[in-house]
Amino acid sequence: MFLQNPIAVYFFGNKKFTLAFEIMMKKCAIIIMLSR
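Residue numbers (our numbering): 1382 to 1417.
No wet-lab data here; the hints were simulated from the structure.
Please note that the accuracy of each hint is not assured.
As the list claims (entries may be wrong) - The list that follows gives simulated cross-link-like pairs (lysine-lysine, BS3-like), each with its CA atoms no further than 25 Å apart:
| # | residue 1 | residue 2 |
| --- | --- | --- |
| 1 | Lys1407 | Lys1396 |
| 2 | Lys1408 | Lys1397 |
| 3 | Lys1407 | Lys1397 |
| 4 | Lys1396 | Lys1408 |
Keep in mind the model is a prediction, meaning the values are calculated, not measured.
Could you build all of it, start to finish, from the sequences and the hints given here?
Rendered as structure tokens:
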């Protein structure tokens, strides 16, 4: 099922995109915490 999902394969295969996504998520989390 995992290998049949091209999006998941691309997401975990592209480490640069994964790293950028993690940084974006961390920034969003910080903004959410500061806005509370």
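Could you work out which of the previously given hints the structure breaks and list their numbers from low to high? none
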